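With chain H fixed as given, assemble chains Z and Y onto it according to the hints.
So the sequences go chain by chain: H, Z and Y. Position 84 of the first sequence, counted from 1, bears residue number 84 in this note's numbering, the numbering being contiguous throughout. Position 68 of the second sequence, counted from 1, bears residue number 68 in this note's numbering, the numbering being contiguous throughout. Position 107 of the third sequence, counted from 1, bears residue number 107 in this note's numbering, the numbering being contiguous throughout.
Derived from the structure by calculation, the hints contain no laboratory data. Don't take each hint at face value.
[What the hints assert, rightly or not] Pairwise CB distance ranges, derived in the manner of DEER restraints: (1) 152(H) - 63(Z): 17 to 23 Å; (2) 96(Z) - 47(H): 28 to 34 Å; (3) 27(Y) - 78(H): 40 to 46 Å; (4) 396(Y) - 63(Z): 35 to 41 Å; (5) 430(Y) - 129(H): 36 to 42 Å; (6) 46(Z) - 113(Y): 55 to 61 Å; (7) 23(Z) - 359(Y): 57 to 63 Å.
Computed from a predicted model, the values in this text were never measured in an experiment. Idealized CB from N, CA, C, for every residue including glycine.
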Amino acid sequence: MRVEYINPFVEAAFNVLREVLSDEVKRGELFLKSTSQPVLGVAAIVGLTGDVEGRVLFDMKRETALAIASEMNGEEISEMNDLAKATISELANMITGQAVTKLHDLGFKFDLTPPAIITGDNMEVSNSGVEALIVPVELGKGKIEINVAVRERA
Amino acid sequence: MKTKADFPSINERKPDGLREDGEAYRVLIVDDSMFVTKQISQILTSEGFDVVGSASDGEQGVEKYKELYPNVDLVTMDITMPKMDGVTALEKILEFDKEAKIVMISALGKQDLVKKSLMLGAKNYIVKPLDRAKVLERIMMSLK
Amino acid sequence: MSTIGNRIQQEQEEKVESIDYKMVTFSLAGKEYGIDIMKVKEISKAKRFTYVPNAEPYVRGVYNLRGDIISMIDLRIMFNLPAQKRIDDTFEDMIILHLDEYLIGIIVDEIDKVVGINSENIQPPHPIFGDINIKFIKGVVENEGRLYLILDVEKILGDRTGEEEDRIRPRLVPAAAGPERKGPRKAEAGPSEIDYSFISESLQTFSSFYVSDINRKWFTGRFEDWKQQRGKSGEEVQLQEVEDAAQFLRPFYSAHTGTFWSDEYRERLKEVLASLQTGGNLLVWNPGCGEGYETYSLAATLKEIFPQPQCKIWAHDHDLLNISTAPNLIFNSNILPDSLLDFTVEGKNGLQFNKTIRDAVLFEYHNVLHANPFPEVDLIFARDILSFQTQQDQNKLVLEFNEKLKPGGLLFIGENEEIKHPDFENISSGRIRVYRKIER
Numbered sequence: 001m002r003v004e005y006i007n008p009f010v011e012a013a014f015n016v017l018r019e020v021l022s023d024e025v026k027r028g029e030l031f032l033k034s035t036s037q038p039v040l041g042v043a044a045i046v047g048l049t050g051d052v053e054g055r056v057l058f059d060m061k062r063e064t065a066l067a068i069a070s071e072m073n074g075e076e077i078s079e080m081n082d083l084a085k086a087t088i089s090e091l092a093n094m095i096t097g098q099a100v101t102k103l104h105d106l107g108f109k110f111d112l113t114p115p116a117i118i119t120g121d122n123m124e125v126s127n128s129g130v131e132a133l134i135v136p137v138e139l140g141k142g143k144i145e146i147n148v149a150v151r152e153r154a
Numbered sequence: 001m002k003t004k005a006d007f008p009s010i011n012e013r014k015p016d017g018l019r020e021d022g023e024a025y026r027v028l029i030v031d032d033s034m035f036v037t038k039q040i041s042q043i044l045t046s047e048g049f050d051v052v053g054s055a056s057d058g059e060q061g062v063e064k065y066k067e068l069y070p071n072v073d074l075v076t077m078d079i080t081m082p083k084m085d086g087v088t089a090l091e092k093i094l095e096f097d098k099e100a101k102i103v104m105i106s107a108l109g110k111q112d113l114v115k116k117s118l119m120l121g122a123k124n125y126i127v128k129p130l131d132r133a134k135v136l137e138r139i140m141m142s143l144k
Numbered sequence: 001m002s003t004i005g006n007r008i009q010q011e012q013e014e015k016v017e018s019i020d021y022k023m024v025t026f027s028l029a030g031k032e033y034g035i036d037i038m039k040v041k042e043i044s045k046a047k048r049f050t051y052v053p054n055a056e057p058y059v060r061g062v063y064n065l066r067g068d069i070i071s072m073i074d075l076r077i078m079f080n081l082p083a084q085k086r087i088d089d090t091f092e093d094m095i096i097l098h099l100d101e102y103l104i105g106i107i108v109d110e111i112d113k114v115v116g117i118n119s120e121n122i123q124p125p126h127p128i129f130g131d132i133n134i135k136f137i138k139g140v141v142e143n144e145g146r147l148y149l150i151l152d153v154e155k156i157l158g159d160r161t162g163e164e165e166d167r168i169r170p171r172l173v174p175a176a177a178g179p180e181r182k183g184p185r186k187a188e189a190g191p192s193e194i195d196y197s198f199i200s201e202s203l204q205t206f207s208s209f210y211v212s213d214i215n216r217k218w219f220t221g222r223f224e225d226w227k228q229q230r231g232k233s234g235e236e237v238q239l240q241e242v243e244d245a246a247q248f249l250r251p252f253y254s255a256h257t258g259t260f261w262s263d264e265y266r267e268r269l270k271e272v273l274a275s276l277q278t279g280g281n282l283l284v285w286n287p288g289c290g291e292g293y294e295t296y297s298l299a300a301t302l303k304e305i306f307p308q309p310q311c312k313i314w315a316h317d318h319d320l321l322n323i324s325t326a327p328n329l330i331f332n333s334n335i336l337p338d339s340l341l342d343f344t345v346e347g348k349n350g351l352q353f354n355k356t357i358r359d360a361v362l363f364e365y366h367n368v369l370h371a372n373p374f375p376e377v378d379l380i381f382a383r384d385i386l387s388f389q390t391q392q393d394q395n396k397l398v399l400e401f402n403e404k405l406k407p408g409g410l411l412f413i414g415e416n417e418e419i420k421h422p423d424f425e426n427i428s429s430g431r432i433r434v435y436r437k438i439e440r
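One chain only, chain H, in its complex shape (with noise of 0.2 Å):
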């Protein structure tokens, strides 16, 4: 992934989640993943489009994201409801958006599309070969797994 884009990505997932939860936010390293498969029970996935093509996915285990809903929703949510999945469809919606306009004010045209939400086990998504980058961020409800990928458009 072009190293420009990295910067956008990290601060705006930092700056949200410090902004909307109570958590202390910790910044995992950085990596690359050769297939960008989600892994662990919740992912909110936002499309990408102008320069690039691609996606940010957002993976969590399901009691983190009950977690973040619940605080988010000032209110107990046990279970992935319609309030749960918009709650956190939201969140992806937010960061993702953040970091898009930070990269327009570096130059760079991208779009977002509106978030969609799976939930499950086993959960695929298919891959086209493309390389993630994935950003860990730690919460004191559970990590996210932030998964980025995307290539140029030629």
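Frame of chain H; chains Z and Y shown alone:
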């Protein structure tokens, strides 16, 4: 000696959502996210606003506005939505009612779409994450 | 390496009272054994041993544990127990013991956990309990319904002739050098061979440098020089730590690694590069670009030779720290060769390359062994990157180079590397190692 009547009590501040005549401002919320709709609704109703309707895409939003007209004082409009996006919906509502007061809500910052909306006639915009103070301030500004 | 080490810590928080003996338990051919934890240094998994010729069959070889060379004993072979079928590339459980002043490793079927017991419950061994010779068993103890045979490691590992001992632990007594090695030795099992493979292993451990056909010629020459050098100065031949490995590798790197290319080097490269046939755009792949000095030097050089066509360079590295500074690289004029000055502009913090050059390069944080979506290229500039991949990945990369290079295209690799591939014609000149993809 000053009496209690001379000091406006903080506890008796008039909630933002009420007009001079005591009636609540009426708001239509257009957003495809159940969470955001709930959030905005909570912020507004806690300040005395009256949420008179909500829609989950631009098309529905335009229809609802036409139905409720003229009993809507303000619309909050999400930019990224399926079927019809917020900017198109903005245009259509303004075509129908050029006095309509619309505030754009977006996860994107000073982006082309936001600029475009403002040029087309949106009164203001709010960038997510939403915080209560910011939301109320921008909405009040748009209502003036 | 070991997460079992963490488990041991947990287990040590025991709730049972009067535990005065703890042992690491493991299985061998279906039976459970234990070893006094005081004798255990570490638990690990390993898959690569260096075979030592002319040792006993139960000596599987030696293992490089962060610089310490340890003999690996396979207890199953030693006790003539049926061993589990070994699939060549799997990790095996091993326990590193420290006995007196040296370390030794034993390979077992499966390590279980740490068990704490009251030593009063240890019973003397009875031949009926074990498959192995009773003299090797210290005692027997039951715990939570399981029966453990406690091994007497000193007996097992000390019970050999003096000759054998020395051969198994060539490096374990620090003061020892040549004289310690007594005993008959066949001609081909010279200590030199062992040194050669130990150094090769150490380079892997310390510097991620993998000796293979690609660099063997250089390595063998360097090894001989190194041995002589160290022999003369009386220093240890073996690479004990990272600095030794770095010193060993110093002559490997191609000219101007990590800096801008000198004027003379650029002139020599230009002679070779000029033969590139290019109509429209010139597409280049630069894997392992590091901080970008090589990439910018290349971009400027190509611009000089081909001023008209648009140049596009994909510059990749999987070290994020290095490559993250590349797109906005700022430097002082004192490290810049004169001929490159024209391509730079003065910024407020120093010099940068101009827009034309910077627009020509796409720096990507990317692992070149992962899928690459870019099209076929005219030129691949991959100096010193093959040698830092595992042997398997080296082959994969060479195949990738072949696939991604247009016929007639050029491949540059490290000055001390070489490849043999039917589709590549060696057109190297002087110290510059370059190949042309044959047009068929």
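Hints breached by this structure: Of the numbered hints, 1, 4 do not hold.
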